[in-house]
Each structure stands twice: as structure tokens, then as C-alpha cells.
Amino acid sequence: MRYVAPKEATVPDRRSPIDLLPAASREWGRIEPPSDQPRWGMVVDTERCIGCWSCAVICKSENNVPLGAWWNRILTEGEGLDLPTTEHGSEEMSWTPLACQMCENPPCVKVCPVQATYVRDDGVVMMDNERCIGCRYCMIACPYGVRTFNWGTPQRPNGLETGMVAERPIGTVEKCTFCVHRLEEGQVPSCVVSCPAGARIFGDLNDPDSRVSRLIRDREGRMLLEDRGTRPKVRYLPARRRRGL
Amino acid sequence: MPAAPDAIVTINRRRFLKGAAAAGASTAAVAGGAGLILLGRDHPEVAASTGVDRVVRTTCSPNCTGGCGQLAFVRDGKVVKVQQAADYPDAVYNPRGCMKGISYHTLIHGADRITTPLVRTGERGSGAFREASWDEVLDRMANEMRRIGERWGWDSIHVFGQVPGSGYIQKGANYRASALLGMTHGTSFDFNGDLPMGMPITFGVQNAEHEAKDWANSRFLLLVGANPVETRIPDVHFLFDAVERGAQLVVVDPNFSGTAAKADTWLRIRPGTDAALGLAMAREILAADLADMDFLRNFTDAPLLVRLDTGLRLREADLRHDGDPDSFAIWDASVGRIARVGTDRLGMPGGTQAALAGTFEARLADGSTVEVTPGFELVRRELDSWTLDRAAGVTGIGAEMIARLARAYATAKPAAILMGGGSNHWFHGDLTGRAMGLLAAMTANIGVSGGGFSVYVGQYKVRVNVGPWFNPGGTKARIVPSIYFLRGRSETMHPDVPYPANGFHALVVTFANMFVQSPDLNRLHQTLSQLDLVVVVDHQMTETVRWADIVLPATTWYEKTDLTATPLHPFLQLQQAAIPPVGAARSELWIWREVVRRIDPAKAAEFMEVTEEEAIETILAAGAKDNGPTAGITLDRLREGPVRLNVPDPDIPFGPQVRDRVPFPPVSMPAAPEATAAFLPTRRIEFYKEEERFRELGEAVPTFKDPHDDGVHDPVTYPLVFLTPHSKWRIHSTYGNSPWLAEIHGGRPLVLMHPDDARDRGIADGDEVEVYNTRGAFRCWAQVSEAAGRGSVTLPEGWWPRDFVAGKGVNELTASEVNPIHEVHFVPNMWSPSTGWKDCRCEVRRPEGGNRA
Numbered sequence: 001m002r003y004v005a006p007k008e009a010t011v012p013d014r015r016s017p018i019d020l021l022p023a024a025s026r027e028w029g030r031i032e033p034p035s036d037q038p039r040w041g042m043v044v045d046t047e048r049c050i051g052c053w054s055c056a057v058i059c060k061s062e063n064n065v066p067l068g069a070w071w072n073r074i075l076t077e078g079e080g081l082d083l084p085t086t087e088h089g090s091e092e093m094s095w096t097p098l099a100c101q102m103c104e105n106p107p108c109v110k111v112c113p114v115q116a117t118y119v120r121d122d123g124v125v126m127m128d129n130e131r132c133i134g135c136r137y138c139m140i141a142c143p144y145g146v147r148t149f150n151w152g153t154p155q156r157p158n159g160l161e162t163g164m165v166a167e168r169p170i171g172t173v174e175k176c177t178f179c180v181h182r183l184e185e186g187q188v189p190s191c192v193v194s195c196p197a198g199a200r201i202f203g204d205l206n207d208p209d210s211r212v213s214r215l216i217r218d219r220e221g222r223m224l225l226e227d228r229g230t231r232p233k234v235r236y237l238p239a240r241r242r243r244g245l
Numbered sequence: 001m002p003a004a005p006d007a008i009v010t011i012n013r014r015r016f017l018k019g020a021a022a023a024g025a026s027t028a029a030v031a032g033g034a035g036l037i038l039l040g041r042d043h044p045e046v047a048a049s050t051g052v053d054r055v056v057r058t059t060c061s062p063n064c065t066g067g068c069g070q071l072a073f074v075r076d077g078k079v080v081k082v083q084q085a086a087d088y089p090d091a092v093y094n095p096r097g098c099m100k101g102i103s104y105h106t107l108i109h110g111a112d113r114i115t116t117p118l119v120r121t122g123e124r125g126s127g128a129f130r131e132a133s134w135d136e137v138l139d140r141m142a143n144e145m146r147r148i149g150e151r152w153g154w155d156s157i158h159v160f161g162q163v164p165g166s167g168y169i170q171k172g173a174n175y176r177a178s179a180l181l182g183m184t185h186g187t188s189f190d191f192n193g194d195l196p197m198g199m200p201i202t203f204g205v206q207n208a209e210h211e212a213k214d215w216a217n218s219r220f221l222l223l224v225g226a227n228p229v230e231t232r233i234p235d236v237h238f239l240f241d242a243v244e245r246g247a248q249l250v251v252v253d254p255n256f257s258g259t260a261a262k263a264d265t266w267l268r269i270r271p272g273t274d275a276a277l278g279l280a281m282a283r284e285i286l287a288a289d290l291a292d293m294d295f296l297r298n299f300t301d302a303p304l305l306v307r308l309d310t311g312l313r314l315r316e317a318d319l320r321h322d323g324d325p326d327s328f329a330i331w332d333a334s335v336g337r338i339a340r341v342g343t344d345r346l347g348m349p350g351g352t353q354a355a356l357a358g359t360f361e362a363r364l365a366d367g368s369t370v371e372v373t374p375g376f377e378l379v380r381r382e383l384d385s386w387t388l389d390r391a392a393g394v395t396g397i398g399a400e401m402i403a404r405l406a407r408a409y410a411t412a413k414p415a416a417i418l419m420g421g422g423s424n425h426w427f428h429g430d431l432t433g434r435a436m437g438l439l440a441a442m443t444a445n446i447g448v449s450g451g452g453f454s455v456y457v458g459q460y461k462v463r464v465n466v467g468p469w470f471n472p473g474g475t476k477a478r479i480v481p482s483i484y485f486l487r488g489r490s491e492t493m494h495p496d497v498p499y500p501a502n503g504f505h506a507l508v509v510t511f512a513n514m515f516v517q518s519p520d521l522n523r524l525h526q527t528l529s530q531l532d533l534v535v536v537v538d539h540q541m542t543e544t545v546r547w548a549d550i551v552l553p554a555t556t557w558y559e560k561t562d563l564t565a566t567p568l569h570p571f572l573q574l575q576q577a578a579i580p581p582v583g584a585a586r587s588e589l590w591i592w593r594e595v596v597r598r599i600d601p602a603k604a605a606e607f608m609e610v611t612e613e614e615a616i617e618t619i620l621a622a623g624a625k626d627n628g629p630t631a632g633i634t635l636d637r638l639r640e641g642p643v644r645l646n647v648p649d650p651d652i653p654f655g656p657q658v659r660d661r662v663p664f665p666p667v668s669m670p671a672a673p674e675a676t677a678a679f680l681p682t683r684r685i686e687f688y689k690e691e692e693r694f695r696e697l698g699e700a701v702p703t704f705k706d707p708h709d710d711g712v713h714d715p716v717t718y719p720l721v722f723l724t725p726h727s728k729w730r731i732h733s734t735y736g737n738s739p740w741l742a743e744i745h746g747g748r749p750l751v752l753m754h755p756d757d758a759r760d761r762g763i764a765d766g767d768e769v770e771v772y773n774t775r776g777a778f779r780c781w782a783q784v785s786e787a788a789g790r791g792s793v794t795l796p797e798g799w800w801p802r803d804f805v806a807g808k809g810v811n812e813l814t815a816s817e818v819n820p821i822h823e824v825h826f827v828p829n830m831w832s833p834s835t836g837w838k839d840c841r842c843e844v845r846r847p848e849g850g851n852r853a
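Heads up: the protein sequence lines correspond to chains P and H, in order.
FYI, the working numbering numbers position 126 of the first sequence as 126, with every residue one higher than the one before it.
FYI, the working numbering numbers position 293 of the second sequence as 293, with every residue one higher than the one before it.
Looking at chain P on its own, in the form it has when it is part of the complex (with noise of 0.2 Å):
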């Protein structure tokens, strides 16, 4: 496997996106004010979710993710893209985003032979790429599919490089960074800024009054295949009863 490293280059007169963004979008984006040990966490919303896949778009433009390669998808629970399942005597359709799930216990941290994968102070599980080895038994280990490979020459729409984070090297795994180099500067997610149905919520899971916390508690956010043992950062609302007429 061929090591390649980040491009880099020096531009003075670029600046930080988030110091050009107007107060007023700066402002939506901003996380709420954490507590002294920031833990990051996210709850999706189940009911608001629409499916439209506005996270995962943003998110293959913000991460500048190739062509094949998703950092975050939504699943259709039904018989497929946008098709109920009658299996209960009737159609019933809804969507599960995935992206990485932020494990506290995180299995592909402990198979990870270089240690390329591991968990900052604040909860997010991060890749190191230069370290990454290509081997993927990370993406072996971990239970939500959400790690992609970068098997060649990456191919991009037309060419066109997007976003806001540097490419990764071929031939190294990446996944969903909960766009930490948006909570560097202060700002959540891009998945979340961009979620037009207002599903997607981000904070600080060891503030125990923070909106995350508060939605966990009192609408019983569920974590993804609980019986792993991952302990997922990642939390789902789950949908309202229906009433009949």
C-alpha cells in the first residue's frame, strides 16, 4: 500500500469559513455552551426524519468523500430506498441515518493493530490516516458498516474537490469525524446545520441539562444494537404512536 501523504500548501490570504460565515448563520451553527468536560454526543429524531439525505449530502461535500463512498447514509426501514413493508398487515415506512456512532466502547479502537483509530478526550472517535495500515479489520470489527475504504484514485463529480477538510491518502479507511474541525471552531456538524426537518440535535452528553441529555432522557433515545456493547454516542428518538380518525 502505497503511503501518500495530506497535501498541503500555504495560501495566505485564505481564511477560516467559519470567520467568513455572516453573525447571523454563525450564530444557528454554534454549539451550545458545553460544560468543562465536554463528552459530544448526537440524538436523531426518528419522527422528524424525512429521509432526504440532506446530513449525507453535506457531509460528502464538507469531506470532500469520493464518488462510492458514503460517510453517512439513510437507511429505509422498509423493502428498500423510499418502499414500505407491509409485514405487519400494513405499510409502515421510516428512515435510519447512520454515520459512526461514536462508541464509548468502540471495537474498531481495539483491533486497530497501529492504533490509527482511537478516541479523543471528548468522546469522538477519530482516524489518524497517516498511521492507517489499509488493513480494515476495523471495518470487520465494527457492527454499523459505517467505515469506507479508499481503494484508487479517488473520482470526484467532474473533478470537482469540495469541502472543508483536507483528502484523505489511498488506501487508508475514513469515516464521519463528527466534522471536528467544525467543533475546533466552535460550530456543530455540518449534518446537523444542514438537516432541514430539524432531526438531528448535537451536544454535550455530560451536561445533564444540555437539549441532548433532556431528549434522551425524556423521550428514551435508544442506542443502535444495544446488545453489542458499543454504548453508542449516537442516540434515536423513536416515532409517536399514530391516532386513528
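The hints are simulated quantities; they were obtained by calculation from the structure and are not laboratory data.
Among the clues, some could well be false.
Said to hold, decoys possible - Which residues of chain P face chain H? A partial, calculated answer using Cβ under 7 Å:
| no. | residue |
| --- | --- |
| 1 | Arg14 |
| 2 | His88 |
| 3 | Pro196 |
Note that CB positions come from ideal geometry on N, CA and C, so glycine has one too.
We have chain P already, so just place chain H on it with the hints.
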């Protein structure tokens, strides 16, 4: 490894804070050496965002009604990210935007982008072009136009462009140039089938909807033929806001849609029968004594007497020789005689008790007597025939369910009806609108927050005074409904339509993919074959571009300046250039300036030497007068972000009518008030239409008629209804070539059919199939699912022809017949023929040699 542009930078946040030049933050960590076990803080520092050159606030504005504020992040002259601005001062509107808008940069810089003028070198439609200079194509275009204009008349040159509401300046340039040169300009809101003819017929307005945030104030949301989860993505959360506050959500749709998945109750209806549902609900509401009869008396024509001898309304002039021909009459049951009702104010004359039922005798001025009856009596007679069982038989919804729906709708206050294209896009879509309008009026849900009957299709709405920009020097473009361009004049065409004496000889298409997205495409191609000149202005290599003689490369809205608004929210917004035009692309205003200069330099000097900013200032100033919609709005404020128009909050229609009893109809811009007032002689909500054609056709009161295409394609030979709704993945054909979205949806047109319908035809999921009727045929692939109802198949419109098996798409099959009711009056885009896309039958088969799944 592709060469990464120099633009890719890794920047350390602290360096950012210091304002110093960027350098890789991670190199130090790597230098720590492989094999080292890294823990906690010893891990590499995470790089902050790579830098950009600028961030520009603009507005996403395809023909979707979103009108979503977006930020363009620019690096090296390219847009490298588009993300919602989320800067609406009314925070409930944030963030506004969808997966399509935020992927637009892949089209700006995409493989189909047109970057230079082109001249046709092969047969029309062959796609063979050579590159040319602007001077060459402009000279050629101007010369051809002059030749055609002098030979056949300038009105034989037709300009077709979509919905001006999504870009007043650049689309206005089309109207301005048409006015200056005497060309005819087409229509779009009606041609798109989005003009809900039930609105002008009943309420005297082009359309009138509640701003989207008002959905959240409703206690009961009845969605008919509307699928906001897929087609109103920026606004759909307002439904959930209402539900969280306890509202009930009922969805009526032939298919199990994304919105059906979110509903408390989903009712599968037989396509095209929504009016029957509405009529039976109205009957049930009356029977249960849940109707607000005083609302009907005060605000509608219900109490106004109708002469049974002529079918016309009884007027004061009938009763007295010196009587007013524009005053009407009621039967005052409290004293048992006729009372006069004027049109200057809504309500009833003081002390009267207007009868809504019964037959009475009126003595006319000439001494004769005639039988008269309140208009509502005639409505009620029609409703009486719409028993629950009859409606159940027509709609496929159970009688008991219809009754429960009617009672739930009538008792929840306020209750809103949201209607979409699924119900409107029928030859008789006006009847559905009239039935739904009746429900809203019977339950007094008009003019109240959280209520209403709103039809959301089409970014049609002109919310500002565009007159001084569209109509230079007092001249006006001659507007010919596009349906007459497509199929020639009809026998019943209104005499005011300025159809060109010598027919059409040239076509300029801008902001449109006309040869894919028009109905009845084979007819359009007949018209095309008679044209001497076809010019297409576009930025993507669409099928329509392939049929052009001359192709002019347009700018996207990330490369030019414009002013936009939408029906869904009342914020006025700018489009501001984030990058210079790609290649040789130019704005529409620039193009028309150059064309007019070459044809009539004097007019160009007087009227076309104007910048976008000057045009915006003109519009803002014109609309600020008399505390108008743009009062207090300046270009500088708009540069900062969205500015709410000077309209009530929440912006809901008919407030002045219901609150202050101001007569209907409110003004529909840009029409003159008297033009639309002619739709409602009574100046009230009208359920009884006295114009002769309504009576001839049996549509004087709201009723139901079978779909028109049932009479064209007999249901035995063509047993399937062919539905072509809006797609979640496209705005019509825009985004049809999006590489990211294609990865999600698979990039193949699939026709959705019920498992039983598929089995009857030996079709399996994934099979190649042919869909056909007498108008045309196309091939795609089958998708078999119980999401479809039996008896109808569905394929969302807007796919690019190249994605089908044989290069032909859904509009080979759709119809273009004109409903004569839509020709009773003529105000372009307001009372004008509305098309019926979904009023279409077909059959599906496996073609010989077609691939099996």
C-alpha cells in the same frame, strides 16, 4: 492519485487565530514515528477547516418554491460547498434547503455545463454543434429574428421561460425584451398545470396560500395529493411542529408516499377522484349540522338568489328599472321578502335572516314573476347526490371513513387543507379545488391562522411591483398561454388571447427544458418542425438544448444577480454572484441587451442599458409606494440577508375580507385589480358560477366528473392510470444529472406498480417494460411494490431522456387538452388553461427483447 488542487490546505487552528499563514498541523505527530502507541493528547492535533477565499450569501431558486438562502463557499474561483445560510430573522424558517440545493456546485462545475455559444451543424436534435463566438451567435440570432419579424410579424417570435417569481430581474429581462421587440411571451404557471383553477373560479385570485410556518398553528392537517416530505423538504417540519402540539395529520394519496409514512391516517384514494371525497365530506358536514351557515351568508354567494328561468343571478336591475345591475338579492326569511345586497362590503344587510334554502317568487320590473332560489340551495342539491356510499364507490375510501374524516375535519379548529399537484394536475382539477374550497368555507376556515385551503404547486407568485421592469416605457409583452403554442388555438380560445395572426415561426427558450418537460411532446415536435429558428439559453446540456439551432451559455444563479421571492415564505432575497461566469456564460439581461442592441439600437439605449442593481432599485421603489410590500426594503438590507416583505405576520390570505369585510378578491399581482375582480361578479366567494359555459357543461356548482382521459383511452384497453408526480430527487429536470443524487437513487427510471398489476402482465421487479398509450411510448424498468395502488402506475417526472432505455420519457404519454372552463375569462397565468398531467391512461407490457431482472 489525482493532482490535488493547490487550494487544499491544512491549517492549524491556532495559526488561524494568530492570522498567520497556514501549515500542516499533523506533520509533527507523524514525526513522532510509526509504532509509537498514541494515547489521549498525544494524538495528532486535528486540523481546522481548510481555508476559503470567500463566502457569499445567495438564494437557491429552481422552480421548487423553496426560495432557500444558501451560502456559497468559494476557493480558486470554484464553489466548493453550498450550505444553508440559516439566517432568517424568523428562526422557525431555519435552516431552509435540501439535499438538491446543497449539491448544486456539482452542476455549476459539472460535466454537462455549457461554457460557450454553440451553432448547430447537424440535423435538429442530433446534438451536433460547433463552438462559436458571442458576436457570431448574437449577429446570427438578431438577423434571423429581424427576417422572421419582418416577414411574419414580430409576434410570431415566441419567448418561453419558466415562472418569473423565482427571479424577477433575469426572467423579467425576457418580458422586457419581448415588450420592446413586440414578441409574444409564453406562460408557465398554467402550462405547468399548477394554476389551481378552482382558486380564481371560487376566490377570484390566481392562488392564495398560507405561509408555510402557519401549518404549525393548525389542529388538523388534511393533505390531498400533496407529498411535502418529498417535495416541500424545507417546510415539512412545520407539519411535525403541529403534530407535536397535538394536531392530527391525514394524508390522502393514491400511493403510500413519504408523507403517508408520517401520517396519523393515510387514505388510499383512486386517482383523480378527490372532488368526490370533498363533496361527500361537505354533505356529511351539513347532515351533522357542523357547517357554519353564518360564514356562508356573510362571505360567500350562498344566500344570493338565482333565477331558475335563466340560471343567472337575480340583480337589482331585474327588480327595478333604475336598479343597479351589479347589486344582488337575498330572501330575507325574517320578513318573507327580497332584500338588496351590494358589492361594496361583505356581510348581510342588518336585521335580515338570509335564506339558504327554498324556492321563492320574485316580481320583476316588467311585472312578470320568476322563481328564484339561494345559490346554496343549488349547491346542496348537488351535494345531496353525494352519499357516503356513492363517494366510497368512486374514491375507493370506505363510507364510514369518509364520515369520520368529515366530522374530524369540521370539529377541529382551525383545520387546514393543503392540496398539491397530485390533485390539481387533472383536466377537472378545478372541480377538486372548488370542492375543497367549499369545505374550508363551510367550516369557517378562511382567513384564519392555522386554517385555509392552500394549494402549493409552482413558484408562480409575483410579490413585488415588477411593472416598471417588465413593461418598459408602458409597453407590455403580449402573453400567449403556452398550451396554444404547443397545440395551436382552440375553438373556444378567449378572444383576448393575442395569438399571432401568422402563427409561430421562431422560439427562444430560457429557464426551461421545454422539449422534455412539456406535456404531449409529440405535438410539441410538430410545432417545432414549423419553426425557422430555435434558440435555447441554458447552462446544462439538456435534451432541449440538443434541438436548438443556436445555444447560448447561461449563468447559474451563483454567477449573477437577481431578486427572488416564493409563495412559501414572505422573505425577499437576492441572488448574488459568488463566482465569475463559468467559461463564456452570460446572464439573460446581458444577452437580451446585446440582442436588442443589434435589432433596435435606440430602444436598447433607452431601455436595456441598465444593471441588475438598478432594476432591483426600480422594483423596490415601485413596491414601496402606499405602504406596499417593499416599503422599507433597500438593496443594502437585502445584501445582508433575507428581508421580510411588508405583509401581515403570519402571512395568510383573506384576512381583510373576513376581519374587515373587504370584498373579494384581493389583488393578484401583476394583474390589474379589475381584471381579476371580473372573475367574481358578486365580489364574494362563489360556489355558483352563472357564466353560460359553466351551466352548459354542468359545472355551475361544485361537482365531480370522471377523468377526461377515460374518454380518450378506454379503460379496458388502457386499464392503468399513469401518474407522474414531482420527484424527491429533482426539481422537474433540474438535478436530473446530479452525480451525488444518482448514487442515492440509482440513476434508473423505475415505474412503480402494484404486485397484482405486475403479476397480471408477467412483470417482475426490475424487468424492462414499455409504458404506452395512443400518444406515445417509452421504456424503463419496473418497480413492484404495495406502495402503488392497484390500477395506477407511477413514475416521477423530470428524468433526463438519456436515462431511459430508448431516450424517450414520460411526456410522450401525457395530454394537452384544453378545458373550455379555463377559457371563460383570460388573464395570463390566472384564468388560463391549466394542464392535466396526471389525467392520463396507459398500459404496461414487457417489450420483445426487453431485459428481464
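Comparing the hints with the structure gives:
1. Arg14: holds, 3 Å
2. His88: violated, 12 Å
3. Pro196: This hint holds: proline 196 of chain P lies near chain H, its Cβ roughly 5 Å from the closest one there, short of 7 Å.
Consistency with the previously given hints fails for number 2 only.
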